[in-house]
Amino acid sequence: MTVRTEPSDAALWQASLAGEHDAFGQIFDRHATRVYNYLLRRTADWSEAEDLTAAVFLQAWRRRADVELDRDSALPWLLGVARLTLRNAQRATRRYQATLLRAGTAAVAGEGDPADLIAGRIDGDRQLAALRAAVSRLPSQQRDVVELCVYAGLDQQAAAVALGVSIGTVKSRLHRARQRLSAELSPEPTARRARPGEEL
Amino acid sequence: MRVEDDLKRMLPQAPQERPLPQRQAHRANLLTAISSVRDAAPAFSWPALRWPTASRWLMPASAAVGVTAIVLTAIALSGAAVRQAPSPPSGGAAGVRHWWVASSGLRGVVVRANSGPVTVAGADGGPVAVTARPHFHGRAPAIYKTVSDGVLTVSALCPVTVSQRPQGQHCSVTVGISLPRGLPVRVSAHLGNVSVADMTGRVTVTDEFGNVDLSGLAGRVVVMATLGSIHGRDLACRSVMLSAQRGSIGIAFVTPPEQVVAVDQVGSVAVSVPPGTSYRVQAGSLRGKVTVTVLRSARSARLIRAFSPLGNVLVTG
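Protein sequence lines, in the order shown, are assigned to chains A and B. Just so it is clear: in the first sequence, position 120 is 120 by my numbering, and no numbers are missing. Remember, my numbering sits 1000 above the position in the second sequence when you count from 1.
These are computed hints drawn from the structure, not numbers from a lab. Glycine included, C-beta positions come from ideal geometry on N, C-alpha and C. Errors might be hidden in some of the hints.
Stated by the list, open to error - Restraint-style ranges between C-beta atoms, simulated for each label pair:
{"id": "1", "chain 1": "A", "residue 1": "Ser8", "chain 2": "B", "residue 2": "Ser1036", "range": "53 to 63 angstroms"}
{"id": "2", "chain 1": "B", "residue 1": "Thr1032", "chain 2": "A", "residue 2": "Thr169", "range": "34 to 44 angstroms"}
{"id": "3", "chain 1": "B", "residue 1": "Ala1102", "chain 2": "A", "residue 2": "Thr33", "range": "41 to 51 angstroms"}
{"id": "4", "chain 1": "A", "residue 1": "Arg126", "chain 2": "B", "residue 2": "Ser1036", "range": "52 to 62 angstroms"}
Bound conformation, chain A alone (with noise of 0.2 angstroms):
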């Protein structure tokens, strides 16, 4: 019996690096979609999202030397190349959208049916923009680590290699996180008893 088994993306990155663009392509079939609903997250927008994710793959290739893959994942640096994208996501996207005319390649939509989405949207939206609201109450650097731990389902190692500092750095990042939402929910503390009788 022969057991076919996935190339790693250890395998498929040291082939990327050799110039081997399907490799690199195997990389993008496998983690496009983690990227791409990582963005949605960050932009509630489907079509910004989908834009940037081809600039963040793009960007991966550009500077697919740096990369440091977590116990064999290529996943973590690529959300941490996403999070930097998204710092001008304007500029990422012109620029994937120039590299793409001097290829002669012309952006066309494609195929698929786009009936399925539409249905699935209203939904999502609504949970996007309550999801946004929520996290938008945090600093940055808790949002960051709040959407890769939570929402993306890194573990602390993977999220401390997305955003390049110490596990330790996301663990207090972390409690913070905790601090600040869980007395933002708590009761006002200056809330008086009520008194017998009396309804508050």
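Dock chain B against chain A, hints included.
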């Protein structure tokens, strides 16, 4: 309990993860893009050049040679400017393409256009008639058609779109198609308005930058617009699904639809249906005003879903 779990309880739930839309198209574009990217860090760098220092007595002489060279170059360039410079090719009426394709063997039509307007009009029968009129200065567009597995695909693709014109180049193609109204049609446009009229077959449109105008449609309609608006009138469709990001959505029906989904991100949403029929209505907005005047019934089989986080939502009937 882990800190992450505590935070999960405190924060709202994220929407379920969904696949990247048009992943294959993005993958193909990405691979094309990276093949044109030069690596940031070259494996070999040339050593820095250092000019040998000249003797002090040579300096006046070399300055004189430099000035003479500049003057001679200026004279040569001015002479060249007087001569007629060759102009890049431009498209005129001669570049217009006409095709007639027998519709008997067709089961659908696909239009791919990345720059310029697309007009689709249903007819009582006859062949599919295509007119593609290029307007360009510089690199010419690729205009071609293919028929594969019963699907006619018309492609009008500019190498440079209007929004990204380098060195004065521009390119657009005006595409007009007339086809039997029952034939399904899909239009994928990038930069340019799309207009579809008098069709009874299924209509699917995606447009990145242009507006989408629908009139007299009776089949299933699915439209996604990114920056433009979607407007529809005289619609007799049973099912309509519309999504816009920045522009507004406004649609009016002449017969009661069975299902309407209209979702916008920033713009307003307005749905008008004939009076006298009740609907299950799910209308909402986070920042905008929601107005529903249509007859509502929670048990109705007819459904209208209209939502815009930032824009106003209006459902009238």
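Hint check:
1. A:Ser8 / B:Ser1036: 53 to 63 angstroms: violated, 28 angstroms
2. B:Thr1032 / A:Thr169: 34 to 44 angstroms: Holds - the Cβ-Cβ distance for threonine 1032 of chain B and threonine 169 of chain A, about 39 angstroms, lies within 34 to 44 angstroms.
3. B:Ala1102 / A:Thr33: 41 to 51 angstroms: holds, 42 angstroms
4. A:Arg126 / B:Ser1036: 52 to 62 angstroms: Cβ of arginine 126 of chain A to Cβ of serine 1036 of chain B: about 40 angstroms, so the range 52 to 62 angstroms is violated.
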